[in-house]
Every structure is written in C-alpha cells, then in structure tokens.
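S.K.: As a plain string of letters, each chain reads:
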Amino acid sequence: MPKESQKERLIDYARKTIGEHMGERTADLYVQYYKNKSPIEIRAGLIELLEEFLGRQQAKHYIKEIKRIAFVNRTNQ
Amino acid sequence: MKPRSGTYSIVIACLIFAATVIAYVARSDSEAWFWARNILYVLAPVCSIVAGWYAVNVYGLRNRHAQSIMFIVVGLLLWFVGEVIFTSYVVADVDPFPSVADIFYVLGYPFLLIGFIRGSLHGKKSFSSKEKLELVIVSVLLAFVVIYFGVYQAFNPMLPPFDNVIAISYGIGDLLLLFALLRLVIFVQRHTPGRISMPWSVIYFGMLTIFVADILYAMFSSAFESGNYAAMQIDVVYVLGYLLIGVGFVQLGALLKEMQHFIRKNGSRSKSV
Numbered sequence: 001m002p003k004e005s006q007k008e009r010l011i012d013y014a015r016k017t018i019g020e021h022m023g024e025r026t027a028d029l030y031v032q033y034y035k036n037k038s039p040i041e042i043r044a045g046l047i048e049l050l051e052e053f054l055g056r057q058q059a060k061h062y063i064k065e066i067k068r069i070a071f072v073n074r075t076n077q
Numbered sequence: 001m002k003p004r005s006g007t008y009s010i011v012i013a014c015l016i017f018a019a020t021v022i023a024y025v026a027r028s029d030s031e032a033w034f035w036a037r038n039i040l041y042v043l044a045p046v047c048s049i050v051a052g053w054y055a056v057n058v059y060g061l062r063n064r065h066a067q068s069i070m071f072i073v074v075g076l077l078l079w080f081v082g083e084v085i086f087t088s089y090v091v092a093d094v095d096p097f098p099s100v101a102d103i104f105y106v107l108g109y110p111f112l113l114i115g116f117i118r119g120s121l122h123g124k125k126s127f128s129s130k131e132k133l134e135l136v137i138v139s140v141l142l143a144f145v146v147i148y149f150g151v152y153q154a155f156n157p158m159l160p161p162f163d164n165v166i167a168i169s170y171g172i173g174d175l176l177l178l179f180a181l182l183r184l185v186i187f188v189q190r191h192t193p194g195r196i197s198m199p200w201s202v203i204y205f206g207m208l209t210i211f212v213a214d215i216l217y218a219m220f221s222s223a224f225e226s227g228n229y230a231a232m233q234i235d236v237v238y239v240l241g242y243l244l245i246g247v248g249f250v251q252l253g254a255l256l257k258e259m260q261h262f263i264r265k266n267g268s269r270s271k272s273v
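As you go down the protein sequences, you meet chains A and B in turn. According to the numbering used here, the first sequence is numbered sequentially starting from 1. According to the numbering used here, the second sequence is numbered sequentially starting from 1.
Just so you know, these hints were derived from the structure itself, not from any lab. Cβ atoms here follow ideal geometry from the backbone N, Cα and C, with glycine treated the same way. Among the hints, a few may not be true.
Partial selection, computed: residues in chain A whose CB lies under 10 angstroms from chain B [unchecked claim]: (1) GLY19; (2) THR26; (3) ALA44; (4) GLU48; (5) LEU54; (6) ALA59.
Straight-line C-alpha distance at most 25 angstroms; calculated DSS-like pairs for lysine-lysine [as the list claims (entries may be wrong)]: (7) LYS35/A / LYS257/B; (8) LYS16/A / LYS257/B; (9) LYS67/A / LYS16/A; (10) LYS130/B / LYS60/A.
Let the hints inform the model, and build the full structure from the sequences given.
M.R.: As structure tokens, this is what we get:
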C-alpha cells in the first residue's frame, strides 16, 4: 500500500533525523505524536521542526530528502 | 508549563559571577575573603561540568552530540581537578607551577579538542571558499598571538626543561583548541538563525574567554604568582569563561526540553505560538 509505505518511510526518516540532531527521546515523542497523522502533516511538522532547530540553510538538505520520499511515493501510486 | 531551566541558569551564573567580582574586588586579606575567592573559583568549573552532564542526559547517551559533549565534560573535569590542585597549592602557600595540577590541565586539552571537533562536524562537511579564506586569515592572526604569548614568552631558558615543556604545552594546547573553536564558529554561522546556534555561540564565547584568560596569565604570570591583586583579577575572567560554558550547556539542554515539550503538546513548536 503506497500511502502506508510513504507514511512509514516519513516516520522512519523523522525518527532518524530528529534522533541524530535532538536525541532519541525527542524522536520518540515526535513519532508518538504523529503516528496517527497523515503523511502531509508528518512532512509539514518535520520540515517546521528542522528549520526551527537547525536553521533554514542546514535544514535544506533534509527537506530535499523529505520531498524525495514524498515524490517517490507519489510516482508509485 | 514551558521548561525554564535556561532562565534559571542565567540567573545562577549572574549571581556566582557577581559574587566572584565582589570577592576579588574587595581586596581584603581576611581569611573569609580568601576562602570565598578560592571556593568561587573552584565552583565555576563544577557548574560547567554539571551543566554539560545535564545536556548529555537530555540528548541521551547514545546520541552523537551527547558523546561530543561528554568529551568536553571529561576535558572540563580534568581542568577542574587541575584547578582544585592548583587552589590547594595556593591555599598552602606553595608555588603551584610546575605541579601535578599542570598534568591535569594539559590532559584536558585532547578531550576538549575531540569534543569540539566532533560537535561541530555535522550537516554539510566541506567548507566553501569564503569559509576557507576566513579560517586561514583568523587562524594565522590568532596563531601569531598564541605562539608569541603562549610559546615564545612562556619559554624561559633559566628554567629546567620539564618546566619549559609544561609551560609551552599550554600554548600549543590553546592553539589547537583555537582551531577546533574556529570550526565551531563555522558550525554556528551555518546554523544561524536555527535555535541550536545560540547555545553553541555561548559555549564558544566561554571557551574564548578561558583562552583570553590563559593569554593574560601567560603575560602576567610572575605578577600573579607574587600575589599582585590586579593580576589576580585574571581568575574572574576564568570564572566568567566556565560560567558561560555552563550557561551554554544548560541552554542546549533547555532548548531540547522545550522542543520535547512542544512536540508532546502540538507536534511542533510554532503551532502553539
């Protein structure tokens, strides 16, 4: 199911990125909050969080990857 | 309720710093002031170590940044042991240089170096041409100052070779630490206006303050050791440096706590603002 896989990939990526920069506890809280949310909300929340914490310039690299995950799944649909 | 540890840390640091300034400006030879000065001087590195440990705990020990901070904390801990031994010598009215304290001071440098280099290595790895140019210019200028005061001025042909090795090790340690700190400047520049940049800026200024204190100590060490009051004010600069590092670490931990708080409530911060 492409929608579910997109959500899983976004959640995995969020866990990995937030865990790397803000610690696993923060990543767990993020996953906990967004586990029942839509991929669009997960993506928006993650971008917002990374831009706020790392700054827009440094977050760019991760945002590119987030958009890639979303794009790959859209094409798979 | 929003976590407030960041604000408390600033208030506590200001109080300790104000008390230190008063204790050093008092210029009293009474035993109470003497002890107050020495206790406050040793308290400052303790604050930075406790604050560093707090940041490590908030990140979680398995995190890469936490491990970098852990290296910095171990470096500060070694410096703290050095400060305690140094202060004990001063209290006992024994010349503290060279002594076992110097071994701990020098041992602290590699840990601090690893910590700062690891801490500033993430995100984009390579430097742009502008950053490289900035790094080269600032490095050459600062290297000149450090080599002159920390190595050339520190060398005394009248002293035994071991004393000279110890004296020069500080200069070399500071020089290497300075290069690590320059990486941190670039890290901060790249992450501005991201919120992670602020705590690291404070930590950077703390290390820079200690570095300035080291240069001042190298310049006025003989006046310092002879108990000259004006030269003893260098201790206030050291205390300020340690407190700034402590505030930076608490700010870092508080920032993560704040992020966790807002994620728990709203998923991200700005939704609740």
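S.K.: Checked against the structure, which of the hints given earlier come out wrong?
M.R.: none
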